[in-house]
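Please put together the full structure from these sequences, using the hints given.
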Amino acid sequence: MDSVSSEGLSLITNVGLNHYLVLSTALFCLGLIGVLLRRNAIVMLMSIELMLNAVNISFIAFGKYNNNIDGQIMVFFVMTIAAAEAAVGLALAVSIFKRFKEVNIRFFEHLRG
Amino acid sequence: MSQTALISLLLASPFIGFLINGFRRKHHSGNVAGAIASVAVFISFLCSIALWIELQGLPKDARSILVNFGSWISVGGLNVNFGFLVDQLSSLMILIITGVGFLIHLFSIGYMHHDPGVAKYFAYLNFFIFNMLVLVLGDSLVTLFVGWEGVGLASYLLIGFWFTDKDKASAGMKAFITNRIGDAAFLIGMFIFFTSFGTLNIQELNALAPTIAESTWYGIITLGTLFLFIGATGKSAQIPLYVWLPDAMAGPTPVSALIHAATMVTAGVYMIVRMNPLFLAAPNTMLVIAVIGALTVIIAASIGIVQNDIKKVLAYSTVSQLGYMFLACGVGAFTAAFFHLMTHAFFKALMFLGSGSVIHAMHEEQDIRKMGGLKKYLPWTHLTFMIGWLAIIGTPGFSGFFSKDEILWLSWHSPLGHWSLWGLGVLGATMTAFYMTRLMALTFWGESRVPKSTHPHESSPIMLIPLFVLAALSVVGGYVGIPHVIGAILPGHPENILANWLGPIIRPIPGITEAEASTEWTLMGISVGLALISSLTAYTLYTKKQELVRAMTEKIRPVYELVYKKYLVDEFYFGFIINPLVRISENIWAYIDVRFIDKCTFWAGDLIKGGGSFVRSLQNGNLQQYAMYIGLGLVLTLTFVMMR
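Chains as they are written, first to last, in our numbering: chain A, 13 to 125; chain B, 4 to 647.
Hints listed in this document are in silico derivations from the structure and should not be mistaken for laboratory results.
For each residue, glycine too, the CB sits at the ideal point set by N, CA and C.
If the Cβ cut is set under 8 Å, some of the chain A residues that face chain B in the computed set are:
id, residue
1, Leu44
2, Val47
3, Leu48
4, Ile117
5, Phe120
6, Glu121
As structure tokens, this is what we get:
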């Protein structure tokens with residue numbers, strides 16, 4: 013860690029694949045915990061975005077370090093899906109809010125037949 | 004009509020009668036039901052006569068009509084057809100069954116007049132006739148066995164006909180279960196023959212029977228025939244399986260006459276006569292049959308002496324007379340056995356119907372101690388019953404005399420016989436004369452002991468006509484089998500028609516010698532003389548010297564009690580077989596079934612149920628929990644992959 017603090021340039025060059033993966037995993041786990049534990053639908057949607065973006069990071073990292081463009085292409089797909097998912101999810105959240113004045117996930121139970 | 008059509012009609016007619024009465028029993032009156040059933044049997048009777056005439060037209064050695072309605076079972080080496088064989092033996096048997104059966108149907112119309120279940124009764128009766136015909140005509144042991152079981156079922160249904168009375172219902176069950184023991188042995192016998200001969204067709208089996216006798220006890224033929232004989236002891240009420248027949252008297256009296264005297268109980272004898280070449284090839288089996296038959300004769304006759312129920316006396320008499328038939332089979336005198344089967348069908352059906360007439364007249368009273376002097380009230384019943392009595396005690400000139408003396412003579416004379424068998428037979432004949440005379444004396448003769456409230460009345464013509472016909476047959480039935488020695492002194496030297504008729508299908512007794520007429524006459528004289536003395540004694544004792552009877556009974560009270568209680572055979576069976584079996588079964592139920600098998604199944608059930616409710620609790624509709632499962636699954640999978 014000494015070299016990192018003494019020389020700013022080496023900070024960037026020394027960042028390897030593992031660093032990205034650790035970041036990605038940390039973000040993914042944060043997102044997962046958010047999905048599992050939070051009751052607010054909007055927060056859950058945000059957590060899902062977090063997980064998707066964590067995956068994006070690892071895609072790009074792998075793509076970069078393997079000199080392969082496929083990872084980056086994959087990210088576009090993920091972003092598209094994420095946008096679609098956010099649109100649908102937010103629409104649902106809005107309709108729940110309109111009905112119950114709150115976006116707690118438990119209101120979705122009313123959808124059960 | 005063609006032969007096929009005749010046999011089809013013969014079999015179908017009672018079955019259709021059964022169906023009509025069975026399905027429409029609520030829609031017509033008792034007399035209509037009786038008429039339908041009687042006509043159905045009468046049609047069969049006409050068919051039997053027609054078939055018998057057809058047989059007459061065939062050459063002497065080829066008198067058989069085999070009709071095959073197609074294949075029934077064809078598995079591996081086993082081929083069973085719906086085949087029915089009318090030959091010299093079965094043609095006579097179906098004549099007896101349908102003829103006597105028709106008369107008993109007629110009698111039943113009068114006897115069952117008051118019963119609410121009369122249509123059901125006639126349906127069962129027709130069902131019985133159908134099965135009996137299948138038994139008699141079946142060309143293989145399998146077909147025979149179908150009829151064998153069918154008549155057992157009909158017998159069970161008719162014994163327990165008044166099933167609201169628990170005793171009568173359990174008498175039916177006793178008959179059924181006792182028969183089942185015999186049937187198991189019968190099946191084993193069939194298996195033995197199938198494995199060793201590869202066929203169950205009766206004609207083929209008879210043709211395969213070796214002419215050289217098998218001397219060992221464990222040879223195939225000896226074992227097979229022994230097991231078949233055990234089956235016969237069940238159906239034909241011989242020691243040790245005779246116990247059901249006296250109880251079977253719980254059924255309506257015409258049923259006793261038809262099933263438990265004239266037809267079904269003779270099925271065992273018929274089966275042995277039909278397979279006579281096989282039985283002749285196993286002298287050890289023949290010995291067993293002769294000994295069992297002779298013992299049954301005297302044991303049943305001795306019990307018959309002390310019974311007080313008119314039907315019980317006749318029932319033990321039937322067991323005893325069946326013993327004579329088996330004795331005859333055992334000494335190789337198959338013709339004599341069948342001859343006695345026929346005459347017995349006539350006179351015993353007559354006596355049972357006569358007792359039915361008495362019971363009817365006495366308003367369902369069966370205890371002969373409460374009868375006496377009925378001659379005055381029931382002149383026709385008395386007359387016909389007396390003819391039956393003369394026939395069964397072997398009065399010369401009546402049918403029973405010819406058949407019984409033929410059996411006694413051959414049990415002495417045949418190489419398979421022995422003087423001791425003859426001795427037992429004569430002792431049995433003496434006892435027969437005694438108990439039958441006692442029955443006559445206590446029922447019809449002497450002083451009236453009829454309670455004041457009962458007014459006996461003679462039966463209606465429809466019940467009397469069968470009695471007259473059977474009485475006539477009981478007289479003349481014996482003349483088809485006049486023994487050679489008697490025929491020789493009669494004008495015109497009549498031949499033994501029955502022996503000539505059955506000759507081609509019954510093998511002669513091996514090694515039999517020419518009879519000495521003087522010996523035969525002497526033996527005949529001894530048995531007739533003893534029967535005469537014994538009847539006179541019984542007559543005197545039971546009409547005039549009742550006090551003497553009572554005094555004598557007091558003196559030998561323990562013996563009397565023992566015989567009266569039927570030698571405690573039922574108690575023995577209950578004490579040593581049935582009750583231990585029930586107790587063992589109860590223990591098996593309480594310990595093995597309840598504590599082990601039930602526990603295991605409950606445990607398995609609980610496991611599934613518990614597992615199910617646990618898994619159900621996982622699927623609760625909580626989205627976040629589902630997400631957690633996904634996460635956990637991911638973690639587990641990753642762990643697994645990485646650990647590898």
